[in-house]
Amino acid sequence: MNKLLFLLLLLGSFKAFSIEPLIIGSKSFSESLINAEMLAQLLESKGQPVTRKLNLGGTKVAFDALNHGGIHVYPDYTGTGYVMILKKNGERDPIKVHEIVSKDFLSKYDIRWSKSLGFNNTYALTVRADDPKFSYANKISDVSGKLDRARLGAPYEFMERQDGYKGFAKIYNLNYKPSNLTSLNAGLMYNAIKDDQVDMIVSYSTDGRIKAFNLKILKDDLNYFPPYQPAFLAKTNSFIKFPHLKAAIESLEGAISEDEMIEMNDQVDRLKQRPSAIARNFLIKKGLLEGSVTKSQKDQGILSFMISRKKELMKILGEHLLLSFVAIICALIVSIPLGVLLTRKKRAAQIVFPIVNTIQTIPSLALLGFLIPILGIGFAPAVLALFLYSLLPLVRNTYEGIKAVDRNFVEASRGIGLTNMQILLKVEIPLALPIILAGLRTATVIVIGTATLAALIGAGGLGDPIFRGVATVNSNLILLGAIPSALLAIAADKFIGLVGNAFVSKGIKLKFERQA
Amino acid sequence: MIKVQDLKKVFKPNITAVNSVSFELERGEIGCIIGTSGCGKTTTLKMINRLIEPTSGKILVGGDDALSVDAVSWRRKIGYVIQKAGLLPHLNVKDNISLLSKIMHKEKNFIESRVEELMEIINMPYAQFKDRFPIELSGGQQQRVGIARALMEDPPVLLMDEPFGALDPITRNSLHEEFWNLNEKLHKTIIIVTHDMDEAFKLGHKIILMHKGDIVQVGNKADFLERPANQFVEDFIKGQVHE
Ligand SMILES: Nc1ncnc2c1ncn2[C@@H]1O[C@H](COP(=O)(O)OP(=O)(O)OP(=O)(O)O)[C@@H](O)[C@H]1O
Ligand SMILES: [Mg+2]
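Note that the protein sequences, when read in sequence, are chains A and B.
In terms of the numbering used here, the first sequence is residues 121 to 636.
In terms of the numbering used here, the second sequence is residues 58 to 300.
Because the hints were derived from the structure by calculation, they are not lab data.
Hints are all accurate, no fakes.
Only part of the chain B face toward chain A is listed, based on derived beta-carbon distances under 10 Å:
1) L108
2) V129
3) R132
4) K134
5) Y137
6) Q140
7) K159
8) P191
Computed, partial: chain B to chain A, Cβ under 10 Å:
9) S130
10) W131
11) G136
12) L144
13) P146
14) H147
15) M161
16) R189
17) F190
18) I192
19) M209
Glycine residues also receive a C-beta, built at the ideal position from the N, C-alpha and C atoms.
If we strip away everything but chain A, and leave its shape as in the complex, we get (with noise of 0.2 Å):
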C-alpha cells in the first residue's frame, strides 16, 4: 500500500516536472510582440512553462505553423483572417467579420478566436500634421483625384494584400504616379514620412509614432477598410492540454484599450523599451500579475547595451553556431561523395549541377516557405535550407577539384598497383584539397550569413534580434545581432583556412608558390 502511495507520488511530481511548454507565436512587429509577451507572463504565472517563437516572418508563416502545429497560441487582427485567409471581402461591421472568422476558422481548421483585445488596429492614410499641402484635407474623399505630385510610402504587406492597395485607389480615386510608390518596411515608413522621404504612408493606426511624430490620420470615411480587431488563435484542443489558457487569454479580452496600446508601441519603437517589459508593466498595472512596474531604461551605447544583453547573445550566438555547424557537416557528409561520384559518372553530373544550381539561386525566404507546410517551423527546416545552400560551393569544388587532378599521376599511382579507393583516398583528394577547403570556406560564410534568416521561422539564431530591430527601429538590437554574424563569419573563414591549410601538404604549397 506504501509503495503503491508512493509510485502514485513518484508519476505525479514526475508529471508535474514534465510538462509540455506551451509555444507562442508572433509576428515581428512590437504590437504582436507585445501581445504575444503578455499571454506568455500571464501563463508563466500560473506555473504553465512557455516557449516563444517570435518574430516569425508574416501572417502565412504564422498561420501555416498554428495550422501544423508549430506554435500553440499567437495573436493576430480580424481582418487579417478575414481578407488573407479566408479571402472574403465586403463586411466592415467589427462584430459579423469576428463572427465569420470565429465561424469559418473552427470549421475549416479547427481554429479558436478569442474575443478582442479591445483595441482596433487598422490602416490609416496618414500625412504630416503641418504639411500645408494637406492642411484642407481630414478624410481621404479630400484628397481624391490630386494626388498626382504626393508621394506615398506603404508596408509590402499592403501592396500584395487583397484588401490593400489597388482597391483602395480605384475607391477613393488616388491617382498618384506610379514612380510615386514606395513598398517600405514597415517599422522605417514613419522616419521617411518624418523626414519628408515620402508626403503620405498606409500606417497603422495604433502606431505610437503617429503621435510622437506629430502626423495626421485621415479618416476612412468610405469604411474601405475592415476592422482589424486583434484577437489570440488557438487550436481546440490546445485549451484542453494547457489548463490555464482558457482564463489567460480570457484575462486579456477587452483588456487594453486603443490609448493604451498607442503608449506602448510608442514606448517600444520610439523609446526603445524591451516588449517583455512593456507587457509586464502593463499586467502589474492591471493587476493581473504581481510585482512592481520597472522603469524605462535609457538610450544605451551598442558596447554597454550588448554587455547588457550578454545571456541573450550567448543563447542566440549558441543557436547559431548549432545550426551552421550542423547544417555544414550534413553538407559536407553528402557532398564530398557527392562530387567525387559525379566525376565518375558524367551523366549524373549533366542531371545533378542544374538541380543544385537552381537550389542556389531560390530565394532563401522563398526556400523556407516551401519548407514550412513540409517540415514545420524551428530547427529542422531552418537547417535543411542552411544544409541546401551550401551544397553547391561544396559538391562544385568537390568535382573541380578531382577533375583538375593531372591523368598522369593517376595513371602512375594505377600503374604502381594503387586500387580505385587507394587512388582517391592517396593520390586524388590530397591533390584536389586546396579546391574543396575553397568550397568549404564560401560553404560556410553562405551558412553563416543565411542563418539570420532561420529566426523568421522561429528557430532562434542572431538573425532574433535583427528582424526585431528592423521591426522596431531600434538599431542596438540589429547591431546585437549583425555584428556578431559578421565576426563569425569572418572568423570561421580565417579559422578553417589556418586549419585546413594544416591538412594541405608542403609540396603543393610550394607549387602554387612557384606558379604564382
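Chain A is already provided as a structure; the job is to place chain B with the ligands on it using the hints.
Showing chain B with the ligands alone in chain A's frame:
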C-alpha cells in the same frame, strides 16, 4: 623470363592499336621497343602491366600468367615508370618511394632501410633528399626517384615508358651510364619504350622495332645495322641514327 605471345589490342570502335606482338627476354636482359609515333609501343607496355586489358594474347613472367590473376596484384609485382616519372607532388621523396609498401602495411623499419638502400643505389643520399618534394628536384633526380619507386617491391620485371625522354642530352647520357651499371648489379628484366635509336642501341640487349601495331624486326645492334629485315628498317635506322 618474360614471354609475350600474340598480344593484340583493338580499341572501341575498331582501332587496332596492337595487332600481333610476340617477343621473349631472359633474366637481366634489357629490351627496347622502338617505332614511329602511334605504332602501339605504349599500348603494348600497358598491356604487360595490365593497365590495358589485351583483346587476346598471352603474357608470362617467370611462368606466371598475367591474365590469370587480378590486375591490381599483378601491377604490384611489376615495376612501372612513366615519362616525367609521375611522382606525386604532395608526397616527399621518401613517401613517394614507399607509397605502395605503406599501403601494403609493410613493416616500418623494413620500409625505412629499403628506401635508404634504394636511394644509395640511385645516387641520391638519403639524409639530403628524403624530405624533398618533387618540385624541389631536377628532372634527372625526379627520374631516378621514379626508378627507385618502381624497384621498391623488388619486382623481377621493370617497364619504362620513355623514361629519359624529357631530359636534356647531357643528363640523359649520364643517366644511361648509371642505368646500365645499375642493372649489371640488379639483373632485372627490363622493357624500355623509346623514340630514340641511339638509346635503344646503347641500352638494349634486344631491340624490338614496331610499325602499325606489328613487330618488324627483333634483334641486337649488329642485326639491325648489318641485316635489316626490309626497306622500312633501313629507312628507319637512317632517319634515326646520327652517328
Ligand atoms: N584508349 C584508346 N582508345 C582508342 N585508341 C587508342 C587508345 N589509346 C591509344 N589508342 C590508339 O592506339 C594507337 C597506338 O597508341 P600508343 O599510345 O600505343 O602509341 P605509341 O607507340 O606509344 O605512340 P607515341 O610514340 O606517340 O607515344 C594510336 O593510334 C592511338 O591513337
Ligand atoms: Mg607512347
